[in-house]
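So the protein lines, in turn, are chains A and B. Heads up: the first sequence begins at 22 in our numbering, then just goes up one per residue. Heads up: the second sequence begins at 4 in our numbering, then just goes up one per residue.
Quick caveat, the hints were computed from the structure, so don't treat them as lab data. For clarity, every value in this text was computed on a predicted model and none was experimentally measured. Do not rely on the hints blindly, as some may be mistaken.
Residues from chain B that face chain A, not an exhaustive set, calculated with beta carbons under 10 Å [to be verified]:
#1 372
#2 374
#3 383
#4 384
#5 386
#6 388
#7 393
#8 394
#9 396
#10 399
#11 401
#12 407
#13 412
#14 415
Derived pair list, reagent style DMTMM-like, types lysine to aspartate or glutamate, alpha-carbon separation capped at 25 Å [stated by the list, open to error]:
#15 A/147 <-> B/566
#16 B/394 <-> A/26
#17 A/30 <-> B/391
#18 B/419 <-> A/126
#19 B/394 <-> A/24
#20 B/419 <-> A/263
Pair ranges (Cβ atoms, derived) [as the list claims (entries may be wrong)]:
#21 A/54 <-> B/64: 51 to 61 Å
#22 A/259 <-> B/448: 22 to 32 Å
#23 B/469 <-> A/248: 44 to 54 Å
#24 A/23 <-> B/124: 49 to 59 Å
#25 A/24 <-> B/60: 33 to 43 Å
#26 A/332 <-> B/452: 24 to 34 Å
#27 B/104 <-> A/145: 55 to 65 Å
Quick reminder that beta carbons are idealized off the backbone N, C-alpha and C, glycines included.
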Amino acid sequence: MTEKDFWRKSQVTVVGGGSWGIILAQLASANCQEVRLWVRDEAQARAINSTRTSPKYLLGTSLPANIRAMVEPERALAVGEGGVSAVIWALPSSVAREQARAFAEHFQGSEMLIHATKGIEAGSLKRISEVLREELPCARVGVISGPNLAAEIARGEPAATVVASNYQDVIEAGQELLSTSKFRVYSSTDMIGVEWAGTLKNILAIAAGALDALGMGWNARAMLITRGLAEMVRFGVAMGGETQTFLGLAGMGDLMATCGSPLSRNYQVGAALAKGESIDSILARLGATAEGVRTVSTVRDFAVERRISMPISEGVYELVMGKLSVREAMERLMTRPLVSEF
Amino acid sequence: MSMSTSDLTPATHSPQLSTPLVGFSSIRERILENVVQRTMAEFSSNSLDLVLGEALYQERLRIKRGRDNLFTRGRSKRDKQMLSAIQKGLLRPPGQVDRHELLRVMTAHFAEEIGGRFDTRIYDFTTGMLPIFFNWLLNAASLQQFNPKKQRDLIHNQLIINGEVDHLRALAQHGTILLVPTHQSNIDSVLIGFINYLLELPPFSYGAGLNLFNNPILSFFMSHLGSYTVDRRKGNAIYKNTLKNYSTAILREGVHSIFFPGGGRSRSGAIESKLKLGLLGTALEAQTENLIAGSAKPNVYIVPMVMSYHYVLEAGSLIEDYLAEAGKHRFIITDDESFQPIKVGRFFWKAFTQHSKITVRIGRPLDVFGNFVDEAGRSIGPNGTTVDPRKWLTTRGVLCKNAQRDREYVLGLGAKISERFHRENTVLSSHLVAFSYFEALRQQYPHLDLFRFLRLSREQRVLPLSKFLEFAEQQRSEILKKALHRELYVCPELTMQDSQGDSFHGERVLPAWIREGVRQLGQLHDAAVVRIDGDEVFTDDLTLVYYYRNRLAGYGLSIRASELKGQLQGTHDRKGFLA
Numbered sequence: 022m023t024e025k026d027f028w029r030k031s032q033v034t035v036v037g038g039g040s041w042g043i044i045l046a047q048l049a050s051a052n053c054q055e056v057r058l059w060v061r062d063e064a065q066a067r068a069i070n071s072t073r074t075s076p077k078y079l080l081g082t083s084l085p086a087n088i089r090a091m092v093e094p095e096r097a098l099a100v101g102e103g104g105v106s107a108v109i110w111a112l113p114s115s116v117a118r119e120q121a122r123a124f125a126e127h128f129q130g131s132e133m134l135i136h137a138t139k140g141i142e143a144g145s146l147k148r149i150s151e152v153l154r155e156e157l158p159c160a161r162v163g164v165i166s167g168p169n170l171a172a173e174i175a176r177g178e179p180a181a182t183v184v185a186s187n188y189q190d191v192i193e194a195g196q197e198l199l200s201t202s203k204f205r206v207y208s209s210t211d212m213i214g215v216e217w218a219g220t221l222k223n224i225l226a227i228a229a230g231a232l233d234a235l236g237m238g239w240n241a242r243a244m245l246i247t248r249g250l251a252e253m254v255r256f257g258v259a260m261g262g263e264t265q266t267f268l269g270l271a272g273m274g275d276l277m278a279t280c281g282s283p284l285s286r287n288y289q290v291g292a293a294l295a296k297g298e299s300i301d302s303i304l305a306r307l308g309a310t311a312e313g314v315r316t317v318s319t320v321r322d323f324a325v326e327r328r329i330s331m332p333i334s335e336g337v338y339e340l341v342m343g344k345l346s347v348r349e350a351m352e353r354l355m356t357r358p359l360v361s362e363f
Numbered sequence: 004m005s006m007s008t009s010d011l012t013p014a015t016h017s018p019q020l021s022t023p024l025v026g027f028s029s030i031r032e033r034i035l036e037n038v039v040q041r042t043m044a045e046f047s048s049n050s051l052d053l054v055l056g057e058a059l060y061q062e063r064l065r066i067k068r069g070r071d072n073l074f075t076r077g078r079s080k081r082d083k084q085m086l087s088a089i090q091k092g093l094l095r096p097p098g099q100v101d102r103h104e105l106l107r108v109m110t111a112h113f114a115e116e117i118g119g120r121f122d123t124r125i126y127d128f129t130t131g132m133l134p135i136f137f138n139w140l141l142n143a144a145s146l147q148q149f150n151p152k153k154q155r156d157l158i159h160n161q162l163i164i165n166g167e168v169d170h171l172r173a174l175a176q177h178g179t180i181l182l183v184p185t186h187q188s189n190i191d192s193v194l195i196g197f198i199n200y201l202l203e204l205p206p207f208s209y210g211a212g213l214n215l216f217n218n219p220i221l222s223f224f225m226s227h228l229g230s231y232t233v234d235r236r237k238g239n240a241i242y243k244n245t246l247k248n249y250s251t252a253i254l255r256e257g258v259h260s261i262f263f264p265g266g267g268r269s270r271s272g273a274i275e276s277k278l279k280l281g282l283l284g285t286a287l288e289a290q291t292e293n294l295i296a297g298s299a300k301p302n303v304y305i306v307p308m309v310m311s312y313h314y315v316l317e318a319g320s321l322i323e324d325y326l327a328e329a330g331k332h333r334f335i336i337t338d339d340e341s342f343q344p345i346k347v348g349r350f351f352w353k354a355f356t357q358h359s360k361i362t363v364r365i366g367r368p369l370d371v372f373g374n375f376v377d378e379a380g381r382s383i384g385p386n387g388t389t390v391d392p393r394k395w396l397t398t399r400g401v402l403c404k405n406a407q408r409d410r411e412y413v414l415g416l417g418a419k420i421s422e423r424f425h426r427e428n429t430v431l432s433s434h435l436v437a438f439s440y441f442e443a444l445r446q447q448y449p450h451l452d453l454f455r456f457l458r459l460s461r462e463q464r465v466l467p468l469s470k471f472l473e474f475a476e477q478q479r480s481e482i483l484k485k486a487l488h489r490e491l492y493v494c495p496e497l498t499m500q501d502s503q504g505d506s507f508h509g510e511r512v513l514p515a516w517i518r519e520g521v522r523q524l525g526q527l528h529d530a531a532v533v534r535i536d537g538d539e540v541f542t543d544d545l546t547l548v549y550y551y552r553n554r555l556a557g558y559g560l561s562i563r564a565s566e567l568k569g570q571l572q573g574t575h576d577r578k579g580f581l582a
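Between the sequences and the hints, there should be enough to build the whole structure, so can you do that?
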């Protein structure tokens, strides 16, 4: 059986009914037999199955008939003798461990597991792939990350992404299942780099939102992106990632998309902070998870401990903590001692 | 579970032989032929002229560099004959001399060298001799102490075996055991044989360094007890593949095996952190092939084993070798210590007369991926799940081998074994004395790098007793904390309650564990490793202290370890010390 034949006939499970989870299910549905979409909410599952659209996110997206939403993990994950061939994990980082524990018994071990979470476990600094590896009886884990704003992909605009794993099996699954004529999947073996890139850019997205809200212009944004990328590389390499990963889709690519798009939640958080709204009220209002807010203090603490220079992240940390205003943070960044660029 | 040898009745009969090793001579030819076939098939797509030429060159170089003695001369002669034949063949055109035939000659030559024999009569004879030998040793040892009643207790007190012994026995019924011990000394090989006998385990086939076979007596016994030879100096691809295929073949036959996954003895004295993955991978390969073939007992179980000594016979030459490598010849290599029967005799003599305890821990068994295994042989996953190895070996819905995937699995297994080695390690009082003295002295000279530090003069190596004692107690409480978190094990002396067994040293109280540790630490060396004299602690040989101190490297205890995050095992701090 060729690669294509196998994946065409396969069963795939997507865990998580957020906007990104639904888009991934839609992409996979074009390349496999059936997609089972696990969602937490019974009403959402019923709505998806009956109206072929998600009531909560992305109104107007029509979901193909071979996507079936369900709330029972045993139905979604343990299918037949061979089990499902791939599981795409699209849950926020805050629930990764707890949900993996709850689902562990339904995994068989033959699944290719790809997570789409752009964040880390707060406090422990563990990447989501490490958390999943610790909690699930699956060895073959990978990550998908890139400049992928869900709404644009839902509209059918072209986009590209990276699937990274130590296992060629996982990369193959990601490429075969998610590639379409509008969505291009690149491969990488630098899981650490890809996961950290996806995490760190969220912090910079908050800064980008703040700059734009105050109308600081293109020069300021270019400065933020370039110097922010330098911070990401320093931190990512210290964690064991490779520099070039940060220059690719998961690093530079995602950073540009996130920092330039008002669609990003982290960007919206930054914009609201700049207008003087408190972090609690912003998070209550936005509802959806802004990973950058969760990540920033963990990253900042580690950077301080390891003496990794990350002035922009430090600024975002103080901004989120309410210690500084955007203008004050900016002033502090601009008046640092003058140093060499590289 | 935990047990000491005192729980055991010494075996009066030979252990039950329930492995294919017993009928090994009947399957030997088939296995070797199989190994040759497999190895040849692996090179079928290569340019054989290139492969053979490279192997020929490397072998010639090895022989040129090596020195022969009385016992290796015969082997070298056979090697040279084979190489000459290959060379002659390669000089003629492929039309006249079939390259496959040359490859067969070379592979068969290596396979014959690697392949062991098993002779039940010799096994019975040896296991019958062992009690007599040890009884003799004990009698002689106890005569020295004028207390014949003690002799039976001696062996039980001197060799302490802890850990998952019953688990190991249970698993031997469910599959094939691959025992992977840490490797510090050539004594290890003798000790493992003895432990095997004491625990009444089934016989193991044993991958032993070729140099051990230089001793004709050892060679005779070892090669007839199912051991096979591993020659780390042969680096050519044909030899390596032949060796791997041999290991795979005997594991597939269900022959319980032992090899040292670290390759040679630990040069630095530290617990192994980088393992030889090639040979380790044969466990996964054997199990996969068994599963595909539908064998009744397909599984291979990996059992780590950690041995702790107060004294290592070759410590001096090992650490010098290590420093020469690390310091890029800032240290001069002296002649390598060879395997000397008199020194081995002295070792056991001292072990029994001086109460120099040897502690051995049989670790928790693992599957070929590094998952823990329960007593029924099932792999345990997280959160109460069971791992079905078949599922992990399924790619695109088919149970199969897959080079890339399997390489990652073996990498994971290697990392897990190294982690388990550190966790199953038993810290002895002498290790902690060496570590405490060394690190306390380092605090006095924080700016020196390893090589300058090791060259401190006799006066500079003196540490005030008060400072040493204070630092050592701190270290002990750190170690006990780690023991509580199951990051390591400690010997009973280290857990003694305060002041129990303490003694006075001048005006100062010397805790029992320190007194014992100082006494035990490398007590067979010519120089005092750590000595307490009046109010001073010092050493005659700082390099040896470094060797014994390294046993506690990799735990984040050394003074600069906090500067490093993440992987500590096998890494060096900014001043070049093992972290």
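Problem - Those earlier numbered hints the structure runs against, lowest number first - result: The structure conflicts with no hint, since it agrees with every one listed earlier.
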